[in-house]
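> FYI, the numbering for the sequence shown is 1 to 352, going by the working numbering.
Hint data in this document are derived by calculation from the structure and do not stem from the laboratory.
Hints should not be assumed to be uniformly reliable.
[Unchecked claim] Pair ranges (Cβ atoms, derived): (1) F261 with L338: 19 to 27 Å; (2) K262 with L203: 37 to 45 Å; (3) A11 with K329: 35 to 43 Å; (4) V40 with P257: 44 to 52 Å; (5) M250 with F84: 29 to 37 Å; (6) G220 with N270: 35 to 43 Å; (7) G283 with S221: 32 to 40 Å.
All C-beta atoms, glycine included, are put in the ideal place defined by N, C-alpha and C.
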Amino acid sequence: MLHHLSGRAKAGILISVIAGMLLSALDQTIVSTAMPKILVDLKGFSELSWVVAAYLIAQAVAVPITSKLSDIFGRKVMFFFNVFIFLLGSVLCGLAPNMPWLIGARALQGIGGGGLAAAAFTIIGDIFTPRERGKWTGLIAACFGLASVVGPLLGGYLTDNLTWRWVFFVNLPVGAIALTIAWFALPNIKRDARGKIDWFGCLALTATVVPFLLALIWGGSKYAWNSGQILGLFGGAAIMLVIFLLIERMAEDPILPLRLFKTPSFALVNTIIVLTAAMLFGGIVYIPIFMQTVLGKSATNSGLLLLPLMFGIVFGSIISGQITSRTGKTRTIGLIGLSVASGALYLLSRIT
């Protein structure tokens, strides 16, 4: 823990973290408004889900693995690694001549993006006490909201005035700024320098997550929910989950310590995160596509439609973070947020 650091040192570390988080968050939102043009240009409407899924699957697998590696090799080392991987994926996305190339490059981006997202919260845990973390994680979430405001507008502008490829190339200057700040401000914090990498756990986790997400992506679209393919994927994921849990139970240094799930708040918070992310990304990805392909609006206009959503994210993140730090009522804040979001989604479902 580095709670003893001066305010100036903590501010420098926070700026580094925010710069990395901005890089990851901006990519997830800037691509949404460009997606219809990408699909037309590369003739890949049938592969839309893969462009999104490749990033998310890679990100889901990368978060726990890169987090463990940062405990061993240090936050700064892994921060630079994640930024490099993310920028390499961005360049390859911008150069993509076809959909398979783009999907592969998005997966590479997802590895770097997952590592950057995980780094933001692990470093917050390193430098702030538990009671302080609420307001600062709220700030990180607000940073995502800010990227969500800028991303759709910038993505729409670049797509309409230049080409969709620039929604990926624009990550390069942002990444250069993040690396420069991190070089001077971010210490190479090691939480477990003598730790061991749980390779079998990594493989089992990957083999659990990938078929499970593929079943969710293909179910009801490419294959029927009760088809052999989907049931097979769900069954394979379930078997691998059992194997993963057994490996983690016996591992000397597990990638995901199972004792964490004995804490009710840990399980509750992660459930809320999953549900919230499902609601958020559903809107960010599909509203611009609906606007452009069904209503015939421009990419810029579809980005403008997301502004109220993003302002709500920024406002809600900052306010809820402050309230949580002062009162400690995480459960109440989470339930209120989910209730409001669910009601709003119901209203969206009534749009004609």
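> Find the hints from earlier in the document that the structure breaks and name them by number, from lowest to highest.
2, 3, 6, 7
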